[in-house]
Amino acid sequence: MTLRSWIALALASGSWLFGLGLYHPANWIVWAVLTAGAVALWAARPPWRPRLDQVGLALVLLVPALWWAPWPYRLIAVLLAGGLVLLVVPVPRRWPEALGWGALCAAAVMVIQALGIELYVARTARSHDLPLPLAWLVAGVGRLLGLDVAVGPQGLAIHAVRQVHRLPATWELLLGPVTVAWFAGGLVWLGWVAVESFPQGQRWGGWMGLVRRFALIVAAWLPVRIALLLGLYLDRTMRVGPSEVPTTMNQFFSHWVQLALLAAPVLAAWWLVRLPRGWRHASEGDTAAQPESVHAAPALRASLGPTLLLAAGVAILGFVLCWEPVGGRKGGRVMVVERHSTWEPTDRPYDTEHFGHDPSYSYSLIYNYAAHYYRMSRLVESERITPERLEGCDVLVIKIPTARYAPDEVDAVVDFVRRGGGLLLIGDHTNVFNSSTYLNDICRPLGFTFRHDLLFCIGSPYQQLVRPGAVPHPAVQHVPVMHYAVSCSIDPGRSLGRAVVRGGGLWSLPPFYHAENYHPQAEYRPEMRYGAFIQLWAARPGRGRVLAFTDSTIFSNFCIFQPGKAELMMGMLEWLNRTSRFDAAPLRWLVRGAGVLAGLVVLGIGLVAGRRQLAWPVALAAALGGGAVGTALVTMAHRAAMPPAPERPDRPMRRVVIDRTVSEVPLSLGAYTQGDGEGYGLLEQWIPRLGYFTMRRSGADAFTGDALVVIAPTRSVSRQYRESLVRYVQQGGHLLVLDSPAVVGSTANSLLWPFGLVSSHADGKAGRLAFANGWPAMKITGSSAIRGGEPFLRVDDVPVGARVRYGRGQVTAVGVGSLFNDMVMGGAWTVEPNEQQRTIYQLLFAIVRGAVEGRPIVPPERPRASSPQETTAAGEPR
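8 is the number of the first residue of the sequence shown in this note's numbering; add one for each residue after it.
Calculated from the structure, these hints are not laboratory results.
Using N, Cα and C, we set each Cβ at its ideal position, and we do this for glycine too.
Be aware that one or more of the hints could be misleading.
[As the list claims (entries may be wrong)] Calculated pairs, SDA-like style, for lysine to any residue (alpha carbon to alpha carbon, straight line, at most 20 Å): (1) LYS337 - THR254; (2) LYS337 - GLU654; (3) LYS337 - ASP422; (4) LYS786 - PRO866; (5) LYS337 - ARG655; (6) LYS772 - SER753; (7) LYS772 - PRO761; (8) LYS772 - ALA784; (9) LYS337 - LEU397; (10) LYS786 - ARG815; (11) LYS337 - GLU398.
[To be verified] Pair ranges (Cβ atoms, derived): (12) ALA39 - PRO452: 43 to 51 Å; (13) HIS379 - ALA270: 54 to 62 Å; (14) VAL264 - ASP683: 53 to 61 Å; (15) GLU390 - GLY602: 42 to 50 Å; (16) GLY466 - GLU125: 31 to 39 Å; (17) ASP422 - PRO650: 27 to 35 Å.
Make a model of the complete structure from these sequences and hints.
As structure tokens, then:
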């Protein structure tokens, strides 16, 4: 086996780090370069060529994978399809067929690498810590280096460089994902070597001999790898100054370090894994004897049956392994436990009068929003949790407890679940308020616990991007891409639930008890663990269902209507509000086991029947296509079985869409406003204070609400968007456009002209801003005049706010929009506003209320008195 082949295997192994973003965010450029390098190094004169009918069959089988599989997994199907095409295209050059063969080799290797890495990530997400015997092995390597090493419950304690370094003994330290991919891929490559080198009856024994040598090299390399990582860490730590923040732990999750560490085992494998004499790489020696087609391959009709059986077997396995029984809806009675939960209350007012930290840091909005879908109730502090009290609910929500529940209350909750109830547990980082301690009293009998840690995102500690996944759990199948704040992780123990959300590229730190909320600084410290963690866990104890979520902050009033957050809460409640006969573990596992057995039988029949008829690229295409079909079918089945919860007909709501098609102003992300004060995150947050519910939408989805708010539009307005907007208003929609002279390149008139309104920056003026009754009498230094329609707001004698009826709807235009940017409105939701800011709030509420409800826009009945204050066009007080 040539050195080229081993290097290609290493590049393919390292590409997964950059493609999946296991530690750092995905880097598609490096991923593509490494994959292309592997294909180029594997490029060679093919030992055989497929027939045209085989290529056609394989391409048809690959269509589902090319359509359904997410990147970077889709690359496997692309390589296989591209390689087959290059092998049959009649080009009078050798390099296309050589690249085609390299692509086939890469596809065969990378499909097994993908499976190996998925198993590795799934295992480490449950627990990164090594079993004690393996931890002693890691400690032994340290002692061989002359280090003073002890093993404790939290890992290794290494006394070196004048201090004790508490490094966890983790799977990542022993066996990184690149090593796993390299070993898995090596098994495939050595299998190909054995097929080409040994006679028919000796291939298995020949392959096992090669694998034994290869496995010995990997086993010998692991302690060397540990020694190199520990030595490099201690050397770098010694060079850190006493006043510097240490970052030396970053080497352990550096993609480049992980890739570079393969250099030694690559050379060792090239030197020590001796190939049989019969092996000859297709690029070497005499190629004249190479056959022109697959070895005496039979006609397509003979291989079609085994091919379809193979695809069907994999499809059955994919469906059964990803299947989550949804069941029918229960009564929709959701009870929120306020007992022993003083943090994030659901009954704190969030309206036009109460501002500051506490009203925004509560769950009143999501409670009121859910009440439009479910029959909501509270179990208040004075009530005990009893079986009789829980008879009146289908879903129980326990959030951030701040005091311990009595043992009989815990028993009542556990019994409620086992008898078929749904339980949502919401925790947060570092056991804040001892909440995880109190939640774990309930969790332990159910088989899992909340860890006392905090998860940061590598690269952007407080902004974790979360995607539901290619085959999402039903609870998150309707959730778009969203952001978490910071969370803890779930320790599933040995329970057999499912990781609904498994976040990657994270690192965890233990509590910092010197801070009031136990929140540690976002630093790469020795005690950190890194990689994938479980952030939402689903379990089915008895006949019930449990979801354990780890980031309570995202459901707070200040961010609940950012993309994905309300959808996540509703998805969790809806899944818990379902029941199925398969919730009982014996029946569910009987059906799942029977399905797995059936899939294996069908797969086995296909492999046995086609052992002489199937060319391996066709078999691989069948497996990829079958897997894609199975996972696509189970996803569609989940969506059909559990659509979004229907609204209650007796609780209508008003939805206000914040446009993101033609408006690109910064809005809030998590707990923080964006744009250095020039954004409009607080405006978005303040709209729900009027009893409306906001959502950000773009394209055709922008016209799905009762009202559409367009803030400082600057993007071009397409003809299709304009026509849809006119139709939306004509049919009863309400449009509010906020413009101002501070908006450079405003496209507001492209929206307003069809309705007879014009926003003129040139005709605006400075002066006193007021309604007809003289309120709020605020001096501003710039505005945009609004021509046409019915004026309701003026700067002296110039109209800067007007509305017009159009069809069954209404259009409202305001030329002082920057008066409502974050800087003017206080900069943050935690601020207790002064009188001037309260006046601006009341002005905003009056405009939004009239625009959304389609009625005349008038000042509040009892406006707050305020002294005139001069304001710039951008909204900054002078």
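Q | CB-CB spacing for PRO650 and ASP422 relative to the 27 to 35 Å hint | A | holds, 31 Å
Q) Does 31 to 39 Å hold as the CB distance between GLY466 and GLU125, or does it fail? A) Once the Cβ atoms are compared, 23 Å apart, the range 31 to 39 Å for GLU125 and GLY466 is violated.
Q) Is 43 to 51 Å right for how far apart the beta carbons of ALA39 and PRO452 are? A) holds, 49 Å
Q. Does the alpha-carbon distance linking LYS337 and ASP422 stay inside the 20 Å limit?
A. Between LYS337 and ASP422 the Cα gap is close to 18 Å, so the pair holds against 20 Å.
Q: Verify the proposed pairing of LYS337 with LEU397, using a straight-line Cα cut of 20 Å.
A: Holds. LYS337 to LEU397 sits at ~14 Å (cutoff 20 Å).
Q. Does ARG815 lie within 20 Å of LYS786 when you go C-alpha to C-alpha?
A. Between LYS786 and ARG815 the Cα gap is close to 35 Å, so the pair fails against 20 Å, i.e. violated.
Q. Range hint 54 to 62 Å: satisfied by the CB atoms of HIS379 and ALA270?
A. Holds, since HIS379 and ALA270 (Cβ atoms, about 60 Å apart) stay within the stated range.
(Q) Taking the Cβ atom of VAL264 and the Cβ atom of ASP683, is their distance within the range 53 to 61 Å? (A) Given a distance of about 36 Å, which is not inside 53 to 61 Å, the answer is violated.
Q. Given the proposed pairing of LYS337 with GLU398, does the C-alpha separation stay at or below 20 Å?
A. Since the Cα atoms of LYS337 and GLU398 sit roughly 13 Å apart, the hinted pair holds (cutoff 20 Å).
Q. Taken at face value, is the distance from the CA of GLU654 to the CA of LYS337 at most 20 Å?
A. Holds, at about 15 Å.
Q. How does the Cβ-Cβ distance of GLU390 and GLY602 compare with 42 to 50 Å: does it lie in that range?
A. With Cβ atoms ~44 Å apart, the hint holds.
Q.
Does ALA784 sit within 20 Å of LYS772, going by the straight-line distance between their CA atoms?
A. holds, 15 Å
Violated hints, in rising order: 1, 7, 10, 14, 16; the structure is consistent with all others.
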